[in-house]
Amino acid sequence: MNLLRSEWLKLWTTRTTWVMLGVALFGEALFAGLYTGLASIADIEGPAAEPEGLETVATGVGLLLVLILVLGVLTITTEFRHGTSSSTFLVSPPRYPVLLAKLGALLLVGLVAGLAYVVVNGGLAVALFADRGGDLPPAGDLASVYAGVVASYAILAAFGLGVGAIVRNQVGAIIAAIAFFFVLSPLPELLPGSIGDYFPAQAIGSLHGNPEGDANLGQVEGGLVLGAWAATLVALGTLLVCRRDVAE
Amino acid sequence: MPELEVRNLTKRYGKTVAVDDLSFAVEAGRVTGFLGPNGAGKTTTMRALLGLLRPSSGEALVEGAPPVTMTDPLRTIGAALEATAFHPGRSGRNHLRTLAVAAGIPASRVEEVLEMVELDGAADRRVKGYSLGMRQRLALAAALLGEPRILILDEPANGLDPQGMRWLRDLLRDQAAGGRTVLVSSHLLSEVSQTADELVMIRGGKLVAQTSLAEFTGGGGGQIRVRAADISRLGAALGEGTGSVARDGDEALLVSGVDAKEIGELALRQGIALHELAPQQRSLEERFIELMGDEEAAA
Numbered sequence: 056m057n058l059l060r061s062e063w064l065k066l067w068t069t070r071t072t073w074v075m076l077g078v079a080l081f082g083e084a085l086f087a088g089l090y091t092g093l094a095s096i097a098d099i100e101g102p103a104a105e106p107e108g109l110e111t112v113a114t115g116v117g118l119l120l121v122l123i124l125v126l127g128v129l130t131i132t133t134e135f136r137h138g139t140s141s142s143t144f145l146v147s148p149p150r151y152p153v154l155l156a157k158l159g160a161l162l163l164v165g166l167v168a169g170l171a172y173v174v175v176n177g178g179l180a181v182a183l184f185a186d187r188g189g190d191l192p193p194a195g196d197l198a199s200v201y202a203g204v205v206a207s208y209a210i211l212a213a214f215g216l217g218v219g220a221i222v223r224n225q226v227g228a229i230i231a232a233i234a235f236f237f238v239l240s241p242l243p244e245l246l247p248g249s250i251g252d253y254f255p256a257q258a259i260g261s262l263h264g265n266p267e268g269d270a271n272l273g274q275v276e277g278g279l280v281l282g283a284w285a286a287t288l289v290a291l292g293t294l295l296v297c298r299r300d301v302a303e
Numbered sequence: 198m199p200e201l202e203v204r205n206l207t208k209r210y211g212k213t214v215a216v217d218d219l220s221f222a223v224e225a226g227r228v229t230g231f232l233g234p235n236g237a238g239k240t241t242t243m244r245a246l247l248g249l250l251r252p253s254s255g256e257a258l259v260e261g262a263p264p265v266t267m268t269d270p271l272r273t274i275g276a277a278l279e280a281t282a283f284h285p286g287r288s289g290r291n292h293l294r295t296l297a298v299a300a301g302i303p304a305s306r307v308e309e310v311l312e313m314v315e316l317d318g319a320a321d322r323r324v325k326g327y328s329l330g331m332r333q334r335l336a337l338a339a340a341l342l343g344e345p346r347i348l349i350l351d352e353p354a355n356g357l358d359p360q361g362m363r364w365l366r367d368l369l370r371d372q373a374a375g376g377r378t379v380l381v382s383s384h385l386l387s388e389v390s391q392t393a394d395e396l397v398m399i400r401g402g403k404l405v406a407q408t409s410l411a412e413f414t415g416g417g418g419g420q421i422r423v424r425a426a427d428i429s430r431l432g433a434a435l436g437e438g439t440g441s442v443a444r445d446g447d448e449a450l451l452v453s454g455v456d457a458k459e460i461g462e463l464a465l466r467q468g469i470a471l472h473e474l475a476p477q478q479r480s481l482e483e484r485f486i487e488l489m490g491d492e493e494a495a496a
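As given, the protein sequences belong to chains A and U, one line each in that order. Residues in the first sequence are numbered from 56 upward in steps of one, following the numbering used here. Residues in the second sequence are numbered from 198 upward in steps of one, following the numbering used here.
Heads up, a few of these hints could be off.
No farther apart than 25 Å at their CA atoms in a straight line, the calculated lysine to any residue pairs in the SDA-like style are these [what the hints assert, rightly or not]: (1) U:Lys325 x U:Arg346; (2) U:Lys325 x A:Val226; (3) U:Lys325 x A:Gly77; (4) U:Lys403 x U:Asp218; (5) U:Lys325 x A:Cys297; (6) U:Lys403 x U:Glu388; (7) U:Lys212 x A:Ile229.
Bear in mind the hints are in silico, worked out from the structure with no lab data behind them. Given the structure is predicted, the values throughout are model-derived calculations rather than measurements.
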């Protein structure tokens with residue numbers, strides 16, 4: 056518990072977290088606002104009004120996803136980069152509790168960021184739909200999309216932590232995390248069959264209740280698949296951090 | 198039981214052997230200076246004692262047990278490893294707070310150590326703007342946070358101004374006087390000679406010597422520098438004794454094997470006025486270079 060508090064404190068005592076989340080939320084608001092604002096009501100209330108309305112509401116999720124992923128990576132790589140890993144692991148010589156604390160803190164940050172996103176995005180959506188006279192998508196659908204978004208932020212932060220712990224080098228880990236998640240993991244979708252559903256890119260679509268995609272998994276299954284990826288990476292990263300020397 | 202001990206510690210990095218079958222023990226209640234040229238393996242040994250790296254073979258023990266088994270690490274052992282190991286964007290106070298919170302140490306202790314190292318004025322500035330001396334003080338503050346029984350400090354005097362050095366010296370002496378264990382590495386030999394009671398010297402990852410400071414600097418053969426009205430005659434008279442006599446410049450002799458009392462009495466019998474009679478304390482530096490040189494020759 057002390058370690059978790061310490062990791063939480065670490066996250067908020069540098070500007071990185073504030074700036075990244077601030078930029079991301081501002082960007083989301085801008086993007087979602089523009090998208091919705093520029094779309095005609097006809098687009099929103101087209102024949103398939105519901106799905107497109109949902110899509111519009113949940114648009115611009117990606118930027119915050121990237122930043123949350125990077126934040127997860129930084130949580131561990133900055134320790135190695137600046138050498139604070141020595142004092143961190145001196146407080147807890149068996150090192151895995153530190154990794155668990157970082158995981159806990161990141162899941163919390165993911166939830167906070169997700170909720171902030173919901174407030175910003177939801178507020179905007181309500182305002183714009185009201186202004187245009189359109190009908191909001193059903194509250195139940197909206198809630199499940201937003202729940203998926205919040206969960207995806209938390210899981211992606213953990214995903215980043217796992218990659219950071221494995222790679223250690225800051226730049227290398229950021230590149231690896233982004234490349235794996237956004238470039239490599241969508242590729243299996245091109246394969247025949249449903250194998251692509253079990254890779255992170257498609258799983259996150261499922262978790263978001265992807266209205267237009269061809270995901271075969273439900274939201275919960277998508278969340279579980281994504282969670283399993285993150286858990287595997289964190290477990291592997293933790294194992295490596297415990298085994299390797301802490302030295303620069 | 199020694200507070201700190203390494204037994205046959207070996208650490209290899211690929212083909213490089215950083216520490217080679219090293220064994221020594223560090224006792225409580227004194228300051229132990231850890232000396233050796235750059236790359237001798239001092240930092241590697243210290244990191245092994247802190248559980249930050251795993252030995253290739255042998256073991257590093259803290260209070261008789263491997264460091265990973267420490268139940269209350271920050272109250273057992275405090276370490277200042279390198280003055281640069283801070284997140285540049287975090288303030289000094291927040292750096293200490295993250296450690297204090299993790300170890301369950303009250304926030305008031307953070308303020309105490311900040312005052313002790315005289316950083317309270319700069320505590321809310323980001324570490325990015327700290328001088329090397331300030332970083333060194335912050336590292337020491339972190340080491341002292343848990344009021345540990347053991348202190349491991351790697352080159353803590355680096356970057357400190359003369360007042361800072363003096364403060365550090367007093368701090369280390371106080372800690373040792375209070376029954377704590379202090380292991381401090383340094384390449385500033387004059388600094389070590391003013392602080393350490395015990396010396397552990399390594400080179401190429403191997404132990405060269407472990408001895409008390411007094412023994413080490415005193416054990417130089419006990420030379421005495423002599424100046425007199427007629428040094429040629431005095432030299433001749435001394436040469437007839439058992440001692441060996443060497444010229445030290447034109448005006449002085451370096452005599453060994455005879456003590457000052459004998460020289461003084463001999464001079465009186467010979468009717469030669471003595472101008473100086475000074476037993477020579479060899480500096481740690483001289484002895485150190487001599488010893489490391491010997492090792493080089495032997496290698």
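Consistency of the hints with the structure:
Proximity of Lys325 (chain U) to Arg346 (chain U) is assessed by CA-CA distance (about 31 Å); at most 25 Å being required, the pair is judged violated. For a cut-off of 25 Å, the pair hint linking Lys325 (chain U) to Val226 (chain A) stands: about 20 Å separates their Cα positions. Under the criterion of a C-alpha separation no larger than 25 Å, the hint pairing Lys325 (chain U) with Gly77 (chain A) is consistent with the structure, at around 23 Å. This hinted pair checks out: Lys403 (chain U) and Asp218 (chain U) have alpha carbons roughly 7 Å apart, not beyond 25 Å.
Distance restraint check for Lys325 (chain U) and Cys297 (chain A): the Cα-Cα separation of roughly 29 Å exceeds the 25 Å cut-off, and the hinted pair is therefore not satisfied. The suggested pairing of Lys403 (chain U) with Glu388 (chain U) holds, with an alpha-carbon distance near 23 Å, which does not exceed 25 Å. Pair hint Lys212 (chain U) plus Ile229 (chain A) does not hold up; C-alpha atoms about 31 Å apart against a cutoff of 25 Å.
In terms of the numbered hints stated before, the structure departs from hints 1, 5, 7, listed from lowest to highest.
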